[in-house]
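So you can see what is in the structure, the chains are spelled out below.
Protein chains: 2
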Amino acid sequence: MLHIGIDVGGTNLKAGLVDEQGRILAVKRVPLDFQGPERFAKTLAELSEAVLLAAGARMEDVDYVGAGMPGAVSGGQVLFITNIPMQNVPLGDLFRSYLDLPLLLGNDADCAAVGEYFCGAGRDTRDFAVVTLGTGIGVGLILDGRLRGGVASSEAGHLTICHGGEPCNCGRRGCWEQYASATALIRLTKEAMAAHPESALHSVAAKDGTVEGRTAFQAAEQGDAAALAVCRSYVEYLASGAVSLINVLRPEVVALGGGVAAAPEALLLEPLRQIAERECFAGHGGRATRIVRAELGNDAGIIGAALLGRAI
Amino acid sequence: MLHIGIDVGGTNLKAGLVDEQGRILAVKRVPLDFQGPERFAKTLAELSEAVLLAAGARMEDVDYVGAGMPGAVSGGQVLFITNIPMQNVPLGDLFRSYLDLPLLLGNDADCAAVGEYFCGAGRDTRDFAVVTLGTGIGVGLILDGRLRGGVASSEAGHLTICHGGEPCNCGRRGCWEQYASATALIRLTKEAMAAHPESALHSVAAKDGTVEGRTAFQAAEQGDAAALAVCRSYVEYLASGAVSLINVLRPEVVALGGGVAAAPEALLLEPLRQIAERECFAGHGGRATRIVRAELGNDAGIIGAALLGRAI
Chain A
9 MLHIGIDVGG TNLKAGLVDE QGRILAVKRV PLDFQGPERF AKTLAELSEA
59 VLLAAGARME DVDYVGAGMP GAVSGGQVLF ITNIPMQNVP LGDLFRSYLD
109 LPLLLGNDAD CAAVGEYFCG AGRDTRDFAV VTLGTGIGVG LILDGRLRGG
159 VASSEAGHLT ICHGGEPCNC GRRGCWEQYA SATALIRLTK EAMAAHPESA
209 LHSVAAKDGT VEGRTAFQAA EQGDAAALAV CRSYVEYLAS GAVSLINVLR
259 PEVVALGGGV AAAPEALLLE PLRQIAEREC FAGHGGRATR IVRAELGNDA
309 GIIGAALLGR AI
Chain B
9 MLHIGIDVGG TNLKAGLVDE QGRILAVKRV PLDFQGPERF AKTLAELSEA
59 VLLAAGARME DVDYVGAGMP GAVSGGQVLF ITNIPMQNVP LGDLFRSYLD
109 LPLLLGNDAD CAAVGEYFCG AGRDTRDFAV VTLGTGIGVG LILDGRLRGG
159 VASSEAGHLT ICHGGEPCNC GRRGCWEQYA SATALIRLTK EAMAAHPESA
209 LHSVAAKDGT VEGRTAFQAA EQGDAAALAV CRSYVEYLAS GAVSLINVLR
259 PEVVALGGGV AAAPEALLLE PLRQIAEREC FAGHGGRATR IVRAELGNDA
309 GIIGAALLGR AI
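Residue numbers (the numbering used here), protein chains in the order written: chain A, 9 to 320; chain B, 9 to 320.
Keep in mind that the hints were calculated from the coordinates and are not lab data.
Glycine included, each C-beta is placed from N, C-alpha and C at the ideal position.
It cannot be assumed that every hint is accurate.
Unchecked claim - Only part of the chain B face toward chain A is listed, based on derived beta-carbon distances under 8 Å:
id, residue
1, Glu-163
2, His-166
3, Gly-179
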């Protein structure tokens, strides 16, 4: 059987036809252009048909369409999405009136976890977490071989690492994502630039035309002291939440995804592993967790959405 | 079928014969008196026979013995115990040479979760956590109806709530249990006593002959300002970790156990629920978690150990 996976982003919809091995056979992309839930369901259906056509496959080869949404979902229901005005929308039912296939919904972090679990960094595990470092921190959990999805979907980006710290959009203070998301890294970088006019951070940022998540890592690779301090402090914050997550769940593997995860191993993964080795409870017995880089990159969303039916 | 559950504490072993409904039919207790793993396995076997005898039951009515241990275990193996010198001991095998029954091991927090799940505050749930507030914070998780036990047993007491904060025995800084265990509450109480010689905390502590977890709650019930501040600050720390745990796992119910959980509802559970309602991610969609008091008290250990076989 084949599955269709749709990655719903803030600006684009990307659909892929995916086989049982997680290989993408064809991809189609359209702008989001949101004009209400009805029209959105119709767009998902049309996009599904377009990707089938592009691959020369037939409707009866496909058993469901999976969609990864940037928000909270449960079953075929959209509960709440921050950047697309939908709340308590029965998207699965709406979709069915345009295309006779079940629509499975997952949030984007959960889809990343499903994709990596079957086809990437989580292969050969049963207990697995993906931590996606982006605008916020998205965490997807596979526990005992099943996705923690729907109403139980993890919001581990909102574990507090600093009691009474930075305010978060969620209403709490001190959430992990306020310190260890790409957004937070950019904030730390800008603070260091303001404090260190001599730093190479300025020339690196000027070349890119903007401060990005990678700015600090690039300047640090040139040996810049202020940039090295930013990277060190960022990794400490990242480790603070990662070790907490690991202590709560003791997974076999935690995979880091998102743009920041592409940073040089010596500046991100190596110091992170050192802190984890020192601080994780595994030192006192029980399972030690491996920390690795996610493998699927931008395809994780499509592949994960397509394989949702195998994990829920 | 009947099961034997043994609660292994730092000073005593308590064994109970337990039926399928979690009712305790007989209890036997002996001092720990640890003299090596071999002798310990023999004591567990003798205690099992003694509780059978006390209940007038036969060996063939029992299918296994479960033991709740104050440390890390996996299968029939003791990995590490803080207060009893055993490390990597095949306790199940040793036990079997004295009594022909399987010995299942769980850690004490996990046994509390199993007991409450089948017979207490976790009845009618599939996703459930018990948080035991004692010397440290022990957390047991039932996810999708299965215990997260053995090598995956939760150490959520060691999630950081204060990055760079109080040092913890585990090697980290800022662990939740350094702020919200009974031990931490006693520390907060003593600090308030030192700062407020006029506080009713002094007279309450004098009456008990010592500062205990309940000292602050008792003085707060008399309207003492310093005691009220201690309770408020304690609940904020408790909430900090509890909301993080809830955001990571979105369980249906979190039950608080241990002596501190017996504090007056208006001073502990009510303000805790208010903070959780305000701060949990459920406000943005997904499942809201109920916070309740654990129900089984001191019997949770025996009942949970006895029912281990149904949860793993």
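A quick look at each hint next to the structure:
Because the smallest distance between the Cβ of Glu-163 of chain B and any Cβ of chain A comes to about 4 Å, under 8 Å, the interface hint for this residue holds. Using the Cβ-Cβ criterion of 8 Å, the hint placing His-166 of chain B at the interface with chain A is satisfied: the shortest such distance is roughly 5 Å. With a cut of 8 Å, the hint placing Gly-179 of chain B at the interface with chain A holds, because the nearest CB-to-CB distance is about 6 Å.
When held up to the earlier numbered hints, the structure conflicts with none and fits them all.
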